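Given the sequences, and given the hints that come with them, work out the whole structure.
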Amino acid sequence: MSFLGSAIKSSGKPVTGDNFPLFNSSKQMELQKYTKRAKPTVSPTLAELLMHVDDAQNDASGNNTPVDHRVLELGYACSSLPSSQPFVLSFNNLTYSVKVRKKLALPFCGEGSKLDSNEIHSKILLNDISGEAREGEIMAVLGASGSGKSTLIDALANRIAKESLKGSLTLNGEVLESRLLRVISAYVMQDDLLFPMLTVEETLMFSAEFRLPRSLSKKKKKARVQALIDQLGLRSAAKTVIGDEGHRGVSGGERRRVSIGIDIIHDPIVLFLDEPTSGLDSTSAFMVVKVLQRIAQSGSIVIMSVHQPSYRILSLLDRLIFLSHGHTVYSGSPGNLPHFFAEFGHPIPENENRTEFALDLIRELEETPGGTKSLVEFNTSWQARKNPRNDFSCKPNLSLKDAISASISRGKLVSGAKNDSNLTSSVPTFANPFWIEMIVIAKRSMTNSRRMPELFGIRLGAVLVTGIILATMFWKLDNSPKGIQERLGFFAFAMSTTFYTCAEAIPVFLQERYIFMRETAYNAYRRSSYVLAHSLISIPALVVLSISFAATTFWAVGLAGGLSGFFFFFLTIFASFWAGSSFVTFLSGIVAHVMLGFTVVVAILAYFLLFSGFFISRDRIPLYWIWFHYISLVKYPYEAVLQNEFDDPTKCFVRGVQMFDNTPLGAVPVSLKLKLLQSMSSVLGVNITGSTCVTTGRGILVQQGITDISKWNCLWIIIAWGFLFRILFYFTLLLGSKNKRR
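Just so we're aligned, residue 1 is where the sequence shown starts under UniProt numbering, counting upward by one.
Don't read these hints as lab results, they were simulated from the structure.
Please read all numbers here as calculations on a predicted model, not as lab measurements.
Glycine is no exception: its CB is placed at the ideal position from the N, C-alpha and C atoms.
Please note that a few of the clues may not be correct.
Claimed, not checked - Now the in silico label distances, taken between C-beta atoms and shown as ranges:
1) Leu596 / Glu367: 38 to 44 Å
2) Glu350 / Thr447: 30 to 36 Å
3) Ser528 / Thr95: 34 to 40 Å
4) Val602 / Tyr311: 25 to 31 Å
5) Glu174 / Asn336: 44 to 50 Å
6) Asn336 / Pro369: 47 to 53 Å
7) Pro622 / Tyr514: 39 to 45 Å
8) Pro622 / Asp191: 48 to 54 Å
9) Ser217 / Asp402: 27 to 33 Å
10) Asn93 / Glu177: 14 to 20 Å
11) Ile539 / Lys166: 46 to 52 Å
12) Ala667 / Cys693: 21 to 27 Å
13) Leu735 / Thr95: 51 to 57 Å
14) Val543 / Lys675: 54 to 60 Å
Claimed, not checked - In silico BS3-like links for lysine-lysine, alpha-carbon gap of 27 Å or less:
15) Lys239 / Lys166
16) Lys675 / Lys651
17) Lys290 / Lys239
18) Lys162 / Lys401
19) Lys221 / Lys290
20) Lys166 / Lys443
What follows is the structure, given as structure tokens:
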């Protein structure tokens with residue numbers, strides 16, 4: 001415990017602006033008069049936040065004694081007073097290259113005509129980058145487009161495969177494992193990936209339910225969210241939906257702050273941001289960086305990339321790294337920029353923006369024959385002269401494990417990590433058990449669906465319209481040979497329609513893909529929780545669609561079986577919707593584009609219908625295509641409803657005089673048909689009259705080649721297909737959403 005923390009605890013008084021001047025705004029204004037860059041170690045908002053959010057262990061045990069979070073520290077300087085160990089993220093000699101195929105220009109075909117050759121060469125994106133970022137500071141990575149800013153952020157955030165990235169990344173001198181980094185850090189992407197129909201408060205609350213543990217009460221989670229809303233300056237927009245192209249919502253700057261908020265809800269030790277000011281006006285950009293400064297001062301390491309900061313933003317930054325084609329051309333504080341370029345021979349004019357001058361000079365040097373080689377070499381010598389390497393002027397007294405545990409005891413990582421000596425247990429991989437994650441995911445999805453009822457309404461309307469058209473087209477079919485063919489056509493079209501209507505679900509996951517990748521990359525929830533939750537919440541909608549279609553068509557068409565037949569018909573349609581939606585969901589995990597997804601789904605479903613046994617019976621399918629017949633999703637519901645309709649040995653579908661239907665003799669008089677039957681009886685030795693039953697329902701099933709699987713087994717197979725595709729969807733998420741560069 002720090003000296004200051006001890007003083008607070010012994011006084012027994014709450015930390016307020018009156019009894020502790022660091023939190024008094026008027027006192028802060030007085031301090032700013034004397035120093036240009038005053039650095040309070042914690043923001044007032046976060047201090048208030050941590051006073052309200054008690055430790056998860058005390059909440060679980062019922063102990064309401066306030067926890068001393070020890071959020072106030074005197075500084076980082078070495079002293080005899082006991083103080084917390086500040087975190088220092090060091091990276092040394094980071095090198096990353098990718099293999100690219102060289103393009104060859106075709107002669108006499110113009111400059112734009114190029115072909116890929118077999119010659120492959122390496123392109124270096126990061127070349128021996130070193131530096132460090134400290135707790136309480138903002139480190140900014142600058143450079144022109146293509147300089148390697150985002151690549152460096154990805155390298156530090158463990159978003160590049162280990163076998164591709166060379167160099168070392170340490171926290172307080174110890175190698176930082178990827179699993180631990182995912183837990184104690186957060187990554188804010190350049191794009192604002194948010195659910196458009198959730199409000200700002202709901203978005204942050206769902207993030208809190210994912211990141212903060214079940215042992216923390218709902219009241220304290222809400223207090224955390226409300227304090228964070230104030231810290232982010234989003235109070236006026238708290239009840240406003242995020243919005244998208246079709247729905248008016250918050251402004252661009254507010255969206256960016258919400259994106260930051262959902263990743264800092266658990267108070268990470270390290271925060272990475274990829275161009276958080278991109279696309280914002282100067283005022284919004286300044287407000288975003290001001291928020292980042294408060295986050296850093298609350299005890300976090302903030303590392304961000306920025307394209308071209310304004311003068312006001314530059315005043316908030318603590319460390320800068322300028323990159324040019326993957327090389328470091330400057331590394332240090334903003335205050336040293338004038339000295340650096342003055343010694344390089346290009347002094348910065350007094351009234352000019354330092355970063356703009358530096359970026360312009362770098363761009364000019366890049367266009368020269370020698371490039372920025374001279375500047376890179378000068379930076380190396382300048383760094384060696386001005387900043388001799390001594391790694392830590394104060395060697396850390398605590399191991400990384402103890403430093404993180406101490407940080408947790410001060411209120412850091414309020415995601416509920418326990419304060420014990422075991423780092424693995426003190427920093428859990430996931431904040432909640434999987435069933436809690438499932439509940440939160442389902443709740444969020446249903447909230448989105450409830451705010452956009454038109455999506456389900458359109459799908460229900462399509463099913464009802466299809467059912468009404470089929471009901472009127474196949475109204476009250478009879479049991480004649482012609483009625484048999486019409487029944488077969490109805491079943492084939494109805495079963496294939498259930499699968500085609502499922503194609504509308506393709507955009508659902510594609511719209512959530514990158515939100516899902518961002519949330520699972522840093523352990524907000526498990527992939528299995530996402531798959532199970534979305535599987536369960538899809539069932540009520542499928543039940544409604546199935547009942548609507550079955551009730552619209554069963555009695556109107558005149559299908560057999562009565563109430564039990566209707567129940568099985570409904571179950572078959574429901575199973576078809578289940579298998580179809582699972583199949584489409586699986587494909588959406590493989591195909592990343594909506595139009596390509598629709599093309600693939602429509603083509604595969606057409607093949608399923610072709611090999612289902614309707615157009616050509618199983619016995620007539622070529623042997624080399626029979627495997628496709630058995631993997632056809634349409635085969636099993638088609639055979640199930642046919643057996644439900646025709647598997648009745650007492651029901652006759654073709655009698656004596658009906659034998660001539662659908663033949664050239666079908667138009668002759670009935671008397672002549674009876675004489676023909678008498679002649680056939682004398683030849684065959686079997687008495688066939690005009691009312692003799694020639695074909696029963698079983699005979700129709702034999703003619704269609706439907707004899708190998710019972711209708712209930714067909715139903716179970718359809719359901720099993722649905723589960724199989726959900727499992728395959730999980731593996732596509734597991735293997736295809738690593739979100740790492742190779």
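Query raised in the report: Can you give the numbers of the hints that this structure goes against, from lowest to highest?
Result: The structure conflicts with hints 2, 4, 5, 6, 13, 15, 20, although it agrees with all the remaining ones.
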